[in-house]
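Chains F and A, in that order, are what the protein sequence lines are.
Residue numbers for the first sequence follow our numbering, so the first one is 1 and each next one is one higher.
Residue numbers for the second sequence follow our numbering, so the first one is 1 and each next one is one higher.
Just to be clear, a hint being listed does not mean it is correct.
[Claimed, not checked] In silico DSBU-like links for lysine-lysine, alpha-carbon gap of 35 Å or less:
{"no.": "1", "chain 1": "F", "residue 1": "Lys4", "chain 2": "F", "residue 2": "Lys92"}
{"no.": "2", "chain 1": "F", "residue 1": "Lys4", "chain 2": "A", "residue 2": "Lys59"}
{"no.": "3", "chain 1": "A", "residue 1": "Lys59", "chain 2": "A", "residue 2": "Lys81"}
{"no.": "4", "chain 1": "A", "residue 1": "Lys81", "chain 2": "F", "residue 2": "Lys119"}
{"no.": "5", "chain 1": "F", "residue 1": "Lys87", "chain 2": "F", "residue 2": "Lys119"}
{"no.": "6", "chain 1": "F", "residue 1": "Lys92", "chain 2": "A", "residue 2": "Lys61"}
[Said to hold, decoys possible] Covered by chain A, according to a simulated footprint, are these stretches of chain F (three or more residues, beta-carbon under 8 Å):
{"no.": "7", "stretch": "34-44"}
{"no.": "8", "stretch": "51-59"}
{"no.": "9", "stretch": "116-127"}
{"no.": "10", "stretch": "197-204"}
Read the hints as simulated data drawn from the structure, not as lab findings.
Beta carbons: idealized from backbone N, C-alpha and C, even for Gly.
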Amino acid sequence: MSVKRDSFSVSITVGAYGSAFGAAAVAADFSVLQACLLSLLLFSGASQFAVVGVIAAGGTPLSAIATSTLLGTRNGLYGLRLAPILKLRGWKRIVAAQITIDESTGVALAQNNEADMRKGFWYTGFGVFFFWNLFTLAGALGASAIGNPSAWGLDAAVPAAFLGLLWPRLADRKSWVLAAFAIVLALSLTPFVPAGVPIISCTLLAIIIGWRK
Amino acid sequence: MTTFWIAVIGSSLFAFAIKVVGASVPESVLSHPRILRINGLVPVALLTALVAVNTFADKTKLVIDNRALGMATAIVLLIAKAPFPVVVLGAAFTSALAYRYF
């Protein structure tokens with residue numbers, strides 16, 4: 001019973017952030033349709049914000065795709081982790097893949113037996129998918145109704161959303177050190193290279209800092 | 001227009017490919033501790049860079065404008081353990097005020 005409750009509360013809370021995504025996408029000149037397609041097809045919050053953030057900063061589509069894809073690699077690792085528990089074949093594996101994200105993985109792995117893990121994964125995955133897409137549409141329609149994004153503070157909503165996603169990951173000293181270097185590297189490259197490149201370059205910092213234990 | 005479509009479709013295809021590969025390959029392939037460690041740090045590096053660039057960059061110029069004030073508010077709200085929607089709305093509200101009056 002509590003698996004259902006956990007899944008539902010995670011779904012609605014996380015799904016509601018979809019409105020911030022929809023609004024941010026429209027503020028960055030994506031159409032309502034494009035905002036909704038990102039939520040339906042890409043369906044991974046940080047990667048979606050990255051596409052919008054890189055394009056909003058004047059980056060090329062290629063750097064938007066690269067940044068979004070690098071952020072999405074963790075979903076692949078979640079899949080590796082979940083595959084032995086979910087035991088999927090055929091089209092079910094494809095459906096499960098699409099809803100393999102932070103939240104469905106988190107709720108699944110928090111359960112203490114395999115049956116509940118499977119329930120947690122499917123309930124949370126579909127729940128977040130439903131609410132995230134619903135709220136994306138609401139946010140996108142809302143933002144397209146209000147005109148100048150700066151006047152409504154939407155230009156600050158994008159970095160604030162990134163910060164909200166980043167905050168819980170700043171759990172140890174290594175992460176703080178990495179974050180500090182990333183700020184310095186990204187901002188010092190900004191005047192000299194095409195927009196988008198300063199962001200992707202910070203992947204190197206993660207490799208350097210993560211190389212040794 | 002095309003820029004947006006390429007970004008939308010390209011990023012969606014890659015995201016889906018990663019998810020399907022993850023669900024299909026044997027676990028041992030990517031579970032080297034170093035890969036896992038780096039993979040955990042990549043989001044920290046990219047999200048931090050996205051925060052910095054979306055706050056202080058205007059195309060390829062560095063600026064301090066209404067967004068910086070919005071971000072200061074977001075940091076205060078996060079330290080106060082405010083929920084995500086409050087953080088985003090607080091940042092947007094402060095930034096909008098700054099845009100209006102400065």
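Cross-check of the supplied hints:
Between Lys4(F) and Lys92(F), the direct Cα distance comes to roughly 21 Å. Compliance with the 35 Å bound is thereby established for this hinted pair. Taken as a hint, the Lys4(F) and Lys59(A) pair is broken in the structure, with Cα atoms around 45 Å apart against an allowance of 35 Å. As the CA atoms of Lys59(A) and Lys81(A) are separated by approximately 32 Å, the hinted pair is consistent with the 35 Å bound. Using a Cα cut-off of 35 Å, the hinted pair Lys81(A) and Lys119(F) holds, with the two alpha carbons roughly 30 Å apart.
Annotation: proposed proximity of Lys87(F) to Lys119(F) holds, straight-line Cα distance about 13 Å (limit 35 Å). A hinted pair counts as satisfied when its Cα atoms are at most 35 Å apart, and Lys92(F) with Lys61(A) does not qualify at roughly 48 Å. Interface restraint, the stretch 34-44 of chain F with chain A: holds (7 residues with C-beta to C-beta distance below 8 Å; minimum three). Look at the stretch 51-59 of chain F against chain A: 7 of its residues bring a Cβ nearer than 8 Å to a Cβ of that chain, three or more, so the hint holds.
Only when three residues or more bring their CB closer than 8 Å to a CB of chain A does the claim for the stretch 116-127 of chain F stand; here the count is 0, and the claim is violated. Note: the stretch 197-204 of chain F has 6 residues with beta-carbon separation from chain A under 8 Å; the three-residue rule is met and the coverage holds.
Taken one by one, the earlier hints fail for this structure at numbers 2, 6 and 9, listed in ascending order.
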